[in-house]
Amino acid sequence: MGGKTDVWQGTLALMVLKTLQLMGPQHGYGLARRIEQTSGDLLELNYGTLYPALLKLEQEGYIRSRWGASENNRKAKFYELTKAGERQVRKAAAEWEQTTEILSRFLAPNAEA
Amino acid sequence: MDALRARVRSLWMRAFGARQRLDEFDAELQNHVALHTEDGVRAGLSPEEARRQALIRLGGAEQTRQAYRDRRTLPWIEELLQDIRFALRMMARNRGFTMVAVLTLAIGIGATATAFTWIDAVLLQPLGGVKEPNRLVTVETVTSNGEWVPNSYPDFIDFRDRLKLFDGVAATHVSAFSVGKEDHAERVWGELVSGNYFAVLGVKAEAGRMFLPTEYGDVPGAYPVTVISDRYWRSHYGADPAVIGRTIRINQHELTIVGVAAPQFHGSIPVISFDIWVPYMEQSVLNGVQLWMLRDRHDRNMLGIARLRPGVSFEQARLELKTLADRMAIANANVSEGMSATLMPLWKSPHGPQGLLIGPLRILMGVCVLVLLIVCANVTNLLLARATVREKEFSARMALGAGRGRIARQVLTESLMLTGCGAALGLAATPWMSRALRTLMPPSPMASLVSTDTRPNLAVLAFTVGLCVVAALAASVVPALQVGRLNLSAKLNAGGRGGSAGRARNRLRSMLVASEVALALVALVGAGLFTRGFQQTLRIDPGFDPNHILLNQFYLSTNGYNLAQRREFCRRLGERMLAAPGVTDVAYSDGVPLGFEPSWWEELKIEGYAPRPNENMNIFRNVISPGYLPLMHIPMVDGRNFTEQDNENAPAVMIVNEAFVQRFFAGHSPIGKKIHGWGSWFRVVGVAKDSKYHYLGESTPAYFYVPFRQVFREDMNLAFYVRSQGDPDSALSTLRTQARAIDPNVTVFDAAPLKEFIGASLYPQKVAASLMTVLGSIALLLAAVGLYSVMAYSVAQRTQEIGVRMALGANPVHVSWMVVRQGLGLATGGLVVGTALAIGMARAIESVSFTNSGMGTSARLLGSGANHPLIYVGAAAFLSVVAVLASYLPARRAASVDPMQALRAE
Chain A
113 MGGKTDVWQG TLALMVLKTL QLMGPQHGYG LARRIEQTSG DLLELNYGTL
163 YPALLKLEQE GYIRSRWGAS ENNRKAKFYE LTKAGERQVR KAAAEWEQTT
213 EILSRFLAPN AEA
Chain B
7 MDALRARVRS LWMRAFGARQ RLDEFDAELQ NHVALHTEDG VRAGLSPEEA
57 RRQALIRLGG AEQTRQAYRD RRTLPWIEEL LQDIRFALRM MARNRGFTMV
107 AVLTLAIGIG ATATAFTWID AVLLQPLGGV KEPNRLVTVE TVTSNGEWVP
157 NSYPDFIDFR DRLKLFDGVA ATHVSAFSVG KEDHAERVWG ELVSGNYFAV
207 LGVKAEAGRM FLPTEYGDVP GAYPVTVISD RYWRSHYGAD PAVIGRTIRI
257 NQHELTIVGV AAPQFHGSIP VISFDIWVPY MEQSVLNGVQ LWMLRDRHDR
307 NMLGIARLRP GVSFEQARLE LKTLADRMAI ANANVSEGMS ATLMPLWKSP
357 HGPQGLLIGP LRILMGVCVL VLLIVCANVT NLLLARATVR EKEFSARMAL
407 GAGRGRIARQ VLTESLMLTG CGAALGLAAT PWMSRALRTL MPPSPMASLV
457 STDTRPNLAV LAFTVGLCVV AALAASVVPA LQVGRLNLSA KLNAGGRGGS
507 AGRARNRLRS MLVASEVALA LVALVGAGLF TRGFQQTLRI DPGFDPNHIL
557 LNQFYLSTNG YNLAQRREFC RRLGERMLAA PGVTDVAYSD GVPLGFEPSW
607 WEELKIEGYA PRPNENMNIF RNVISPGYLP LMHIPMVDGR NFTEQDNENA
657 PAVMIVNEAF VQRFFAGHSP IGKKIHGWGS WFRVVGVAKD SKYHYLGEST
707 PAYFYVPFRQ VFREDMNLAF YVRSQGDPDS ALSTLRTQAR AIDPNVTVFD
757 AAPLKEFIGA SLYPQKVAAS LMTVLGSIAL LLAAVGLYSV MAYSVAQRTQ
807 EIGVRMALGA NPVHVSWMVV RQGLGLATGG LVVGTALAIG MARAIESVSF
857 TNSGMGTSAR LLGSGANHPL IYVGAAAFLS VVAVLASYLP ARRAASVDPM
907 QALRAE
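Going down the list, the protein sequences come from chains A and B. Under the working numbering, the first residue of the first sequence is numbered 113, with each subsequent residue one higher. Under the working numbering, the first residue of the second sequence is numbered 7, with each subsequent residue one higher.
Calculated directly from the structure, the hints in this document are not laboratory data. Wrong hints could be hidden among the right ones.
[Said to hold, decoys possible] Covered, in the sense of this in silico footprint (three residues per stretch, anywhere, with C-beta under 8 Å from a C-beta of chain A), are these stretches of chain B:
hint: 1; region: 34-45
hint: 2; region: 67-75
[As the list claims (entries may be wrong)] In silico negatives: residues of chain B with every beta carbon more than 10 Å from chain A:
hint: 3; residue: 98
hint: 4; residue: 332
hint: 5; residue: 468
hint: 6; residue: 472
hint: 7; residue: 549
hint: 8; residue: 707
hint: 9; residue: 747
hint: 10; residue: 768
hint: 11; residue: 794
hint: 12; residue: 850
Virtual Cβ for every residue (Gly too), placed ideally from N, Cα, C.
Full structure from sequences and hints, please.
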């Protein structure tokens, strides 16, 4: 497995979980749009990779899905966070913060020379 | 922790969870595209353009679906299931191929698994139901010239009390018991054991208890208790737990049943199942053995088993034992001078059937591996032929995008399925084949006790699975490699005629067939050598006449007889039998010549003979009635036979054989010389002609006879012989009635013609010869099938070429000769290699010998015929004939090719 997709998949999962935590239940398209908006449109998601990632999270027990009606009154599949998902968000967020903090120390122009 | 649980849950969901339905996913995707399109329209795009954009951002609907599918389940399981389904379909479609392949594999794997079951029972796990068997060892007394013998009870006591590096030393003595009330007593085999026996072996009780430390002592007759086997408990008491504490009548004495041994425990001799264990100190009560005999260091009849202390190495323990035994030899110099003791692994113990079995088993395993190799070569060959037929299928699948790895895996799966079926079939046949092997055991009182645990055991299962995988790999590696080399465009373009790749493959298949022929030759030569060795041995004159003799062993001590009563019984039964019609001679003795049981010996001092230092003066002997030598038709060459006057009150006398005279009297007449044994002096009164005593193949040892009435003791056996004019079986009913007339409690348990009984000494050779013949025939058959399939395939491929030849005027005889010649060419290559291999094999098995007696005497399995050129030539000629036949059928087809038909097929 290439390291790149791993990181990407990892971050995508965290983005999905965090978005669900903040926004409540979402369907796939809404979730994708929300993630793009949150990133200030800096991210361009490949929507095709979103669905397998959602399936993976569901299999891992972090989210669950059910069918409901979307804003245009279509039947749509809504995803929501589970208890385990809540825990995972907290844990992953903390880890991620630590990682970025460490990295930023390296990248800061005048770190302890 | 959470992360791990999540991963496990995900794996579980993918493998076994409810499947997300693909149509639901389609709906979800459609919804996604619709929402996206609406957003696009809202942003001012045309509906078509908006939809196009939405699909592009999705990255392709089909790709997304595939990614989703892969995530949904575990793809490799999915593929595996596909492969298995496909393989099953292929197997069902090609029934002939499947049947041949599965059956050959079943034979190969079944035979090897059977051999392994026995090796497991004899060598690897000789004792069932014991704790940590790897720390158990056999204790053997070593005579001054390095032979192994059992231990005496006083020696055992010294070992038990003085050795520090052991977690206990135990001793055991195999014995027949008569169990039950007088008139319907039953013979049951068991062991007389030291009190600590179960503790040392670490045997658990199924019910009740094992012997207690208070029962470990050395007081004769003080421990009237017994432990019975689980088997006996179930068959005789219906597994009733209330039996504990009840009494059981053994040899007319009441003993208390204190426990039932764990079901896996069968006693201390490999492959033999005993039912009763009694403290050895009960000997004096049960068998009337006199107290001085229990204290006699000469009486070496106890098998020793010891448990090493944890962390003590075999070598350290052996040294400690040796040091002690050497000290004991000096302290008891009058009986043990020059003796020592040693340890050996359980399976190496020369007592019990393993001595007989190990040689044949080693050969059996070798032959099974040989057959398995041939089977693999054959299945490879079949698979290669199949692969040729399926080349187009494979090419088509590759053209449709299947990877080479995927197809190679398919081939592997298919051959795994084949070997799996073969292994299952073979394993199912294992208990049956195991039993077949048991029927080859010689008829002897203990033969009925021989049993291996036929329940599937883990070691055997693991071995079979391993075998199965190895066979599958061996058979499919070549075809799988061939797939890797498939040239796609060439295959799809070629009109169906084999190109150069086909020729390379033919060469490969030819090599395989040649190697099959070589292996078959090895098997055939082996069969020939063993059969010839067996027949040669059969032709050896035993030096006595075993025909028309009925043999029965009485266990009178189990009827509560004392020594005088036993002698009296023999005398009266002899008189009555002689009076019966058709009976010409009657005799009785202690040992049976050429029997299954070990022979006994006595340490002698010979007047006028100075033994060399370390010379073994333990000489084999038999204790006989006056009628024995005449009954056996063993002539006297000097002096006189024993008479009824050589009784308890007369001076002790002895008869020696010719080899004895050669060894100790340099060929001069020994008549009148004095010889010391059993604590008194005997006078030599006669010389008997040499005969065979232990094996037909033996070189005659020095041997002597002493009169029954002067030497017969409580611990000796009693074999009763009746020579009649007709069939020995006809004397059986007479023997039964007469024995019962003297004492209704005495039962004739296992009478058999002597001729059959002495087959025991031939057992290893018989087994080797019959196994090699059976497996050799299988090997021959397999090689013939292989040769035939290659030749038939080659002819089918060359149909057009043959058609052209015929059209140009080739003679049909010529054409068929051409094909046969090709087949013979293959066979010849195999024969040359096979001859070299067979010579090597003969060298290897020449050194394999077997033994059934404690004192290191053994005979070679092969006899003298290891380098018999006629057998090699015969086997090669036979194989050539088979090769001609196997290629003649395809040749006839080739010769009947219609040229027009063949050319038109182009």
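Hints and how they fare:
1. Coverage of a stretch by a chain is defined here by at least three residues with a beta carbon nearer than 8 Å to that chain's beta carbons; for the region 34-45 of chain B and chain A the count is 9, and the condition holds.
2. For the region 67-75 of chain B, the assignment as covered by chain A holds, since 4 residues bring a beta-carbon within under 8 Å of that chain's beta-carbons and 3 suffice.
3. No Cβ of chain A comes within 10 Å of the Cβ of residue 98 of chain B; the nearest lies about 36 Å off, and the non-interface call holds.
4. Non-interface status of residue 332 of chain B relative to chain A is upheld: no Cβ of that chain comes within 10 Å, the nearest being about 69 Å off.
5. Against chain A, the non-interface label of residue 468 of chain B holds: every CB pair exceeds 10 Å, the least being about 34 Å.
6. No Cβ of chain A comes within 10 Å of the Cβ of residue 472 of chain B; the nearest lies about 32 Å off, and the non-interface call holds.
7. Interface exclusion of residue 549 of chain B from chain A stands, the closest Cβ pair being 81 Å apart, more than 10 Å.
8. Remark: the non-interface label on residue 707 of chain B is consistent with the geometry, its nearest Cβ contact in chain A lying 76 Å away (cut-off 10 Å).
9. Once the 10 Å rule is applied to beta carbons, residue 747 of chain B is consistent with being away from chain A; the minimum gap is 87 Å.
10. Non-interface call for residue 768 of chain B relative to chain A: holds, since the shortest CB-CB distance, roughly 67 Å, exceeds 10 Å.
11. No Cβ of chain A comes within 10 Å of the Cβ of residue 794 of chain B; the nearest lies about 51 Å off, and the non-interface call holds.
12. Every Cβ of chain A is farther than 10 Å from the Cβ of residue 850 of chain B; the closest lies at roughly 52 Å, confirming the non-interface assignment.
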